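Asks: So you can see what is in the structure, the chains are spelled out below.
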Amino acid sequence: MTLALSLAIFAVTYGLIVSEKVDRTAAAILGATAMVMLHLIPHSVALEHVDLDVMFLLTGMMIVVGILSETGLFEWVAIFIARRAQGNALIILIGLLTATAVLSAFLDNVTTVVLIAPITILLTQILDIPTIPFLVLQALFSNIGGTATLIGDPPNILIASKSGLNFNQFIFHLLPAVLLVMWTVLIFIAFTQKNLLRTTPAARLRIMQAHPELAITDPVRLKRGLAVFALIIFGFCVGHYFHIEPGIVALAGGFLMLVVCGAGIHGAMEKVEWETIFFLIGLFILVGTLEHVGVFAILGDVMFRTIGHNLPLLAVSILWISGVLSAVFGNIPVVIAFLPLVKAIIPAYFAPLGGVENADPLLVSSVADPLWWSLALGSCLGGNGTLFGAAANVVVAQIAKKNGYHISFLTYLRYGLPVTIASLCICTVYVYLRYFAFVRFS
Amino acid sequence: MDIFFGKDTVMLGPEASDKWGLIESMLDRLVGQGFLGGQTGVNRDGLLEAVRAREKERGTGLGEGFAFPHGRIHGLAKPGLCLALPRNPVDFGAPDGVPARLVALMLVPDDQPQVLLKMMASFARFMGEPTARHMVLGMDDEELLAVLITEKVVNNGVHITAGDIMRPPTTMVRPDATLHDVTRLMSQLMIESVAVTEEDGTLLGHITCDHLFQLGMPDFFSQLKSVSFIREFDPFEKYFAEESKSLARDVMTSDFATVSEDATLLEIVFELAVHRRHKLYVVRDGKRVGVIDRSLVLDRVINI
Numbered sequence: 001m002t003l004a005l006s007l008a009i010f011a012v013t014y015g016l017i018v019s020e021k022v023d024r025t026a027a028a029i030l031g032a033t034a035m036v037m038l039h040l041i042p043h044s045v046a047l048e049h050v051d052l053d054v055m056f057l058l059t060g061m062m063i064v065v066g067i068l069s070e071t072g073l074f075e076w077v078a079i080f081i082a083r084r085a086q087g088n089a090l091i092i093l094i095g096l097l098t099a100t101a102v103l104s105a106f107l108d109n110v111t112t113v114v115l116i117a118p119i120t121i122l123l124t125q126i127l128d129i130p131t132i133p134f135l136v137l138q139a140l141f142s143n144i145g146g147t148a149t150l151i152g153d154p155p156n157i158l159i160a161s162k163s164g165l166n167f168n169q170f171i172f173h174l175l176p177a178v179l180l181v182m183w184t185v186l187i188f189i190a191f192t193q194k195n196l197l198r199t200t201p202a203a204r205l206r207i208m209q210a211h212p213e214l215a216i217t218d219p220v221r222l223k224r225g226l227a228v229f230a231l232i233i234f235g236f237c238v239g240h241y242f243h244i245e246p247g248i249v250a251l252a253g254g255f256l257m258l259v260v261c262g263a264g265i266h267g268a269m270e271k272v273e274w275e276t277i278f279f280l281i282g283l284f285i286l287v288g289t290l291e292h293v294g295v296f297a298i299l300g301d302v303m304f305r306t307i308g309h310n311l312p313l314l315a316v317s318i319l320w321i322s323g324v325l326s327a328v329f330g331n332i333p334v335v336i337a338f339l340p341l342v343k344a345i346i347p348a349y350f351a352p353l354g355g356v357e358n359a360d361p362l363l364v365s366s367v368a369d370p371l372w373w374s375l376a377l378g379s380c381l382g383g384n385g386t387l388f389g390a391a392a393n394v395v396v397a398q399i400a401k402k403n404g405y406h407i408s409f410l411t412y413l414r415y416g417l418p419v420t421i422a423s424l425c426i427c428t429v430y431v432y433l434r435y436f437a438f439v440r441f442s
Numbered sequence: 001m002d003i004f005f006g007k008d009t010v011m012l013g014p015e016a017s018d019k020w021g022l023i024e025s026m027l028d029r030l031v032g033q034g035f036l037g038g039q040t041g042v043n044r045d046g047l048l049e050a051v052r053a054r055e056k057e058r059g060t061g062l063g064e065g066f067a068f069p070h071g072r073i074h075g076l077a078k079p080g081l082c083l084a085l086p087r088n089p090v091d092f093g094a095p096d097g098v099p100a101r102l103v104a105l106m107l108v109p110d111d112q113p114q115v116l117l118k119m120m121a122s123f124a125r126f127m128g129e130p131t132a133r134h135m136v137l138g139m140d141d142e143e144l145l146a147v148l149i150t151e152k153v154v155n156n157g158v159h160i161t162a163g164d165i166m167r168p169p170t171t172m173v174r175p176d177a178t179l180h181d182v183t184r185l186m187s188q189l190m191i192e193s194v195a196v197t198e199e200d201g202t203l204l205g206h207i208t209c210d211h212l213f214q215l216g217m218p219d220f221f222s223q224l225k226s227v228s229f230i231r232e233f234d235p236f237e238k239y240f241a242e243e244s245k246s247l248a249r250d251v252m253t254s255d256f257a258t259v260s261e262d263a264t265l266l267e268i269v270f271e272l273a274v275h276r277r278h279k280l281y282v283v284r285d286g287k288r289v290g291v292i293d294r295s296l297v298l299d300r301v302i303n304i
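So the protein lines, in turn, are chains A and B. The numbering of the first sequence is the working numbering, which starts it at 1 and goes up by one. The numbering of the second sequence is the working numbering, which starts it at 1 and goes up by one.
Just so you know, the hints here were simulated from the structure itself, not pulled from any lab data. Small disclaimer: the values here were computed from a predicted structure and weren't measured. We put the CB at the ideal spot given by N, CA and C, even for glycine. Be aware that one or more of the hints could be misleading.
[Said to hold, decoys possible] Below, simulated DSBU-like cross-link-like pairs (lysine-lysine); rule was C-alpha separation at most 30 angstroms, straight line: (1) A:Lys271 - A:Lys21; (2) A:Lys162 - A:Lys401; (3) A:Lys223 - A:Lys21; (4) A:Lys21 - A:Lys194; (5) B:Lys56 - B:Lys78; (6) A:Lys401 - A:Lys223; (7) B:Lys245 - B:Lys287; (8) A:Lys271 - A:Lys223; (9) B:Lys152 - B:Lys7; (10) B:Lys287 - A:Lys401; (11) A:Lys401 - B:Lys238; (12) B:Lys78 - B:Lys152; (13) A:Lys402 - B:Lys238; (14) B:Lys152 - A:Lys402; (15) A:Lys194 - B:Lys152.
[Unchecked claim] Partner residues aside, some chain B positions facing chain A, computed with beta carbon under 7 angstroms: (16) Leu117; (17) Phe220; (18) Gln223; (19) Leu224; (20) Ser226; (21) Phe229; (22) Glu232; (23) Phe236; (24) Glu237.
Could you put the whole structure together from the sequences, leaning on the hints where they help?
Replies: Encoded structure:
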């Protein structure tokens, strides 16, 4: 009864979130409170499922981006690229997409597209070239770039908090896959979009007369902000050696930047997307309840019984299933639902071998880690599949609409679907070759 | 209101060649009747200086043959009013150019500006009725006039309302006017906003310069921190040209504030200051009957 009721509330809430009939944050919070009020999960256990480290990481990085964005850094990056490309639209597109991916790797990718999309629209208007392909590809590359690091995309932040994998491990294991995907897509764009991006000499001249240095509105704040930002990245890299969680590094860094740059607390707090924070709180409690009543233990068992000890197949299944579901339902809810599932698969895998406790920790991580990387790649890159797959896609479509450009579901799909299928295929090969082709599991 | 006023401070048919001659004779009448009795630190010259200072800022002729010279005096014990119907109309620099046939000289302590405002509003409301105006201007008995003004104006105790201070509506556009025509009208009249109304005056919306600039400045510009880095790109003529055929009904906004004629001064200032409105439309049954903007409030309320 408890199990059925929990699943029913979860299904209704999920339906409301996906249908967008009500605000997704309100739906998640109401669903979560229903779980607690009906005593499907004890209050204290529900709160334990809310991962404060994730909240701290998101809040800290939102403060950081808010302060850096005020300096004109993002305008400078775009104009600098455009000038260096001497107005060649194809080179500008490739440069901007690469910059978007790099920025998204170290900043929240929704914020990255919010900051880079306006200057992209300006550039396309100056060059008199189509704006929509630029914007759609930018959303895709923000998700691809965000896949590379622990802090780049919310699914990775969530996976890091549950798996115990650190910042360096994320880069070491995910960056090669991301680079492969990026280069494949860029080469594809170079061949297919060439004709679309023809520019006139007059338009190119306008770009050459730009002054990127004038984009920096507050050089002092920018220098200070970048210094603190470098300190934050350093903190992420070395934090695990001192048992300091990324959330604490980000939160401390955000408030340090606030002090060092002389930014006001009210302005900084306004940059924090509180609706995202509360959406995650709701989802944590919703999924935590399902975990509490044993749904994921059952699912993990079923999945394991179906696939058996075939670890490569298990990893590839997680990669594709999470990818496809992320494209349909959005990657944040999917990854939150998959976290306890993957956590349930690992003990099930070791059960015939005497349990996780009795297994060699190295063997446990060599089994568990590929599953986590598959989930990260699947959910982050799967988010590219449809307009609703990732928050960045929706935000780009909203920015476009406000400026008179309509990015329909199908328009997005024309770019998103092939990129996602190609990405997941590349990742399948990558995961198999890197983790299974040359390793034998007992 | 406790005001120094009576039949002895009503002057019927005084001779005056100009407004200062009339004002000085009215001051003499007030002082002569004991307006300053027992007060130290305030004298006739001080009163005249205050009225001169106010008159120097801007003429106090209100139009339609009515003038309201006044002064705010530091240390004055109570307000005083002197009413004059000069034999020959006197020029007070009214906006309509009509010389004053009824002059009300009002002196108030400097910490009681609301008395001035109420009196001015009360006079305007009373004299706004043609029969009352005709009756007052035709009177030949100081005592009767004093009783009438005391009853209808001095003791009326009215609140200042939107109807007292509003300007009559002058400009508007129809909903099917093109944006090209709207912008031309606004630039010719040098106005920041214009109402969009039906034939019968029903208020549908308004268009402001902010809206027009937003149309000429696409949304993405609001996300940029500056545009100084790109100097050879000036697309606004193109943006405006794209919009110029739009109709007023397509670009107007319903985000405007209305007040009724009996809205109090506090309500008006609250809307202007707290809700940061630039203009309030005074409406009756959904139809625009007047306009109050910030400059009007400064003119008629704060700068009295």
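Asks: Are the hints correct? Go through all of them and say.
Replies: Structure-based check of each hint:
| no. | hint | in the structure |
| --- | --- | --- |
| 1 | A:Lys271 - A:Lys21 | holds (26 angstroms) |
| 2 | A:Lys162 - A:Lys401 | violated (37 angstroms) |
| 3 | A:Lys223 - A:Lys21 | violated (44 angstroms) |
| 4 | A:Lys21 - A:Lys194 | violated (40 angstroms) |
| 5 | B:Lys56 - B:Lys78 | holds (24 angstroms) |
| 6 | A:Lys401 - A:Lys223 | violated (34 angstroms) |
| 7 | B:Lys245 - B:Lys287 | holds (27 angstroms) |
| 8 | A:Lys271 - A:Lys223 | holds (20 angstroms) |
| 9 | B:Lys152 - B:Lys7 | holds (15 angstroms) |
| 10 | B:Lys287 - A:Lys401 | violated (36 angstroms) |
| 11 | A:Lys401 - B:Lys238 | holds (19 angstroms) |
| 12 | B:Lys78 - B:Lys152 | holds (20 angstroms) |
| 13 | A:Lys402 - B:Lys238 | holds (18 angstroms) |
| 14 | B:Lys152 - A:Lys402 | violated (58 angstroms) |
| 15 | A:Lys194 - B:Lys152 | violated (84 angstroms) |
| 16 | Leu117 | violated (38 angstroms) |
| 17 | Phe220 | holds (4 angstroms) |
| 18 | Gln223 | holds (4 angstroms) |
| 19 | Leu224 | holds (6 angstroms) |
| 20 | Ser226 | holds (5 angstroms) |
| 21 | Phe229 | holds (4 angstroms) |
| 22 | Glu232 | holds (4 angstroms) |
| 23 | Phe236 | violated (12 angstroms) |
| 24 | Glu237 | violated (14 angstroms) |
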